[in-house]
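Chain A is already provided as a structure; the job is to place chain B on it using the hints.
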Amino acid sequence: MDILRKLFPKPRRSTPASAEASVTAPLTDQQISAIMKDTSSHFEMKQLVVGAGQSIGKQREHNEDSLLALTSTISGNSGNVPFGLYIVADGMGGHQYGEVASNAAVRIMAGFILRKLHAYLYSVPSQPMQESLQEVIQSSVVEAHRFVQSEAPGGGTTVTAALVLGEQITLAHVGDSRAYSIYPDGRVEPITRDHSLVKRLEELGHLNRDEAANFPHRNVLIRAVGQGDVIEPDVVTIPFPQPGYLMICSDGLWGVVNDKDIYRAVADAHSLPRACQNLVEAANAAGGPDNISVVLVQLIG
Amino acid sequence: MDGVGFLPINYRWVLIIAVLVHLICLFWGKYSSLNVQSYFNLQNPYWQTIIVRPVQRGQEIKLDTKNITGPISTGDDSASRQQLQPGQTLVDRYNIQAVIGIGGMGSVYRARDLHFPNVVKLVAVKEMINLAPDPLIRQTIVQNFEREANLLATLDHASIPRIYDYFSVDNKSYLVLEFVHGKDLEAVINDTPGFLPEHQIINWAIQLCDVLSFLHAHKPDPIIFRDMKPSNVMIDHNGDVILVDFGIAKTFQTGQKGTMIGTEGYSPPEQYRGEATQLADIYSLGATLHHALTRRDPRLEPPFSFAERPVRRINAAVSSEFEAVINTSLMYNPAERFPSTDAMKDALMAVARKTGALSRIAPAMTAKINAIKPLWSFKCEDEIRGSALLYQGAIYIGCYDNNLYALSAADGEFQWKYPTDGGIVSRPAVYDGNLFFGSEDQRLHVVSTRSGKVVWTYFTEGKIRSSPRIAEGHAFIGSDDQTLHAVNLNSGRASWKFVTDDPIHSTPHVANELVYVGTEGGMMHAIDFRGGLKWRFQAKRAITSSPITNKQALFFASVDGTLYALDAKNGWAIWRFRLDKGSVSSPALAEEFLFIGAADGCIYCVDVRSSKEIWRFRTDNQVSSSPTIYKDSLYCGSVDGFLYCLEYRSGRLRWKFQSEGPITGSPLVFDDIVYIGSADHQVYALFA
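Protein chains in written order, with the working numbering: chain A, 1 to 301; chain B, 1 to 688.
So that you can see chain A by itself, here it is in the shape it has in the complex (with noise of 0.2 Å):
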């Protein structure tokens, strides 16, 4: 429904008459002076700046969330190269090892895809490695959900990580941790799908919104690295927004606070660190019945 909603967005609100004389969408002056103020800051080397933060929430007395941000530059007359990995999990409510195995899957991905680009991104000669990005990020999910399997059976965890090379991002996904993509315009995109019953239900048509928002298992996955004999997570590579910011955050953040107050928190505050402490007061002040994490990331220049 999301990706639907993304690919077809809801057309303004227009009479007939003026549909007929414009062709061009026009924008507001507030949304021309957001675009102009963002591409005013001007920097000379692409960099990605980074923010992060987590929080136990109001209900709840662990923490079963776990995140990572990983920011590298490299530049100089072998090129530009930003670099950059960010993952959120959420380890699986309930289960005793929900935050064993969210706090093993971050690791474990970081540890493979490291692994795999260290001869290429920190040694000389520089070249591209032949394994794609896509198959290392595949790749590096397995490993984590072989190890949970192993090491914390019966415990599962969402996980949603970007890695982030360049001006592409390559995302891995399973379960209902979200990436979005966050416009100066006011625009808050989801770029993944939820491997949840509810969304599920949504997209065959058996919920509409309402039902789906009153949901009584909201939190119930159909897919979770750790569960299963296979793990097939959801990968593709999109384009950086630019301008605009990456967000990866866990269920407590999304599940509580609207994609305005997420633009506004994000939009009102002048770092992206205090943007993310913004962003869990805003899930606490709603109730925090849950973890919250969430990372947000740039890429400027």
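In case anyone wonders, no lab produced these hints; they're calculated from the structure. There is no bait here: all hints are sound.
Chain B is faced by these chain A residues, among others (derived, beta-carbon under 8 Å):
{"#": "1", "residue": "Val81"}
{"#": "2", "residue": "Met129"}
{"#": "3", "residue": "Gln130"}
{"#": "4", "residue": "Glu135"}
{"#": "5", "residue": "Gly166"}
{"#": "6", "residue": "Thr170"}
{"#": "7", "residue": "Val236"}
{"#": "8", "residue": "Ile238"}
{"#": "9", "residue": "Pro239"}
Backbone N, C-alpha and C fix where the C-beta goes; we use that ideal spot for every residue, glycine too.
For chain B alone, kept in the frame of chain A given last:
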């Protein structure tokens, strides 16, 4: 599109019956047969314990029936009052051309998609007017509509129209679908004097069984079509069936319980009790076939009276075997009908074999292949392995007989030829009225399109099989001398040369201020405009395929059997897609799809973002030709001698044309005409 069936009938009462028919359908929320638990009945104990509350449609909200249905029963005037006029544009995108049908909830229009400014892409826009006065109800109606549209968008079958888009504007919702050229079966029956031939109807019946089986086999839950009748079956210009109207209109009438009046001649008895299973679709298909064979409209007959008018009593030409199949499908008791549409199809196939209808179906299809006559053809003196260029009404194409030919695009008339001293296997480029092309005589030739006379030539030290790429005041071209030449268009001299380790057959691509070129040694190079290497990437075998880019990535195939997507700026591999064999074909892009041929004989369609295979189409020999996308079709040649035209979203065959030799060049399509050369020495122009 599906409203077309109402058009030929001018009587107002028929329209009213149609409205009543829609009302009857209210009862059956489309997916009441769901077994929600079935699809998460996986091996995982985690979700086996969950009980899902059944979602009952049309029960949460009580609608004010009168206010909604009131204007509908006087449907024609309210609909026409709100009807869009030709020339009006919806959401800045769909330019309304004509009303092609009037349905219960609004009109169906033919529209042009303005997002394709250079071609005329027609779509059907189905309108649903939402007259509920209560904003909450209105919102619910729109949500129901969107949920239905979402489900439809996931159905991928040759006999189901594609959904392109949906949106709501004010009190109207719109569904944008594939425009089907053709007419509905009801119109076909009414417009045909006498009876339609049995083999024709068996052919359609088999196709309808196929599409119903597809719906019934839908996972996780079967879809029951519920509304099989002649006016919901379109016959397209190829004579194939397309099932239309998936009850979008019906979701707009959710909750109108108790308005069940009238008789719907195609529905089985149990549907009036609110039951709908696949056996209901079998009954309705039987009723549809009965109508088609007898020309007796069941809506004008007493309900469930098919047994009183056996097919052969009205149309004696029908075989008794076919009549028996129809009788079985029309049994009053569902248990006595065919257990599935697959079983019904088997019975139809058996009839077709016995009566010889099958053999009549097959030749009809071959006839379709042979029916494609070239607009014109032109014979050269040797094989054509390269591709054509169109410039100012003329076709330019090189041949293995060493000549470059200029032909009139309109009729294929010979204009001039220019001789070189070697075979020409590439595609010419044009700049400022001059043609640029390489030849196996080692030269880049520049020839005036007007006179066919040489302007200048440029020597390399090897045969040229690469096509020139013109950008930034230069012609970039590779040669067997292992060098990429950047030739200044004004001076005819090299600005720089980039030396690689292997011959270059791949055509350079220019984007992101870089020149991309592959070599027979398997190296992809990215070279800046000063001739300096930016990055390179090693494939396992030759890169003969010519790269292309989108905003994100560089795409090309290799003889190593891999389709690569590299980050165009730094050469990192984003994904690799395994082909069954190597490929020298060059990829083509449309929307989020990438298309390529391979030596395994397949044409592949791959999702650009996720590298998942969408479809593959198998030809009878290797595909060295590169696909060309035009409108919603893909054109590609094969060494089996055929030029294939496929629907690019589904990979479904539209038509194929047989030449007398392998086709290795790439089709050129312009103004609805395809130009292609073949190893049979001929250039063909065909209607796209």
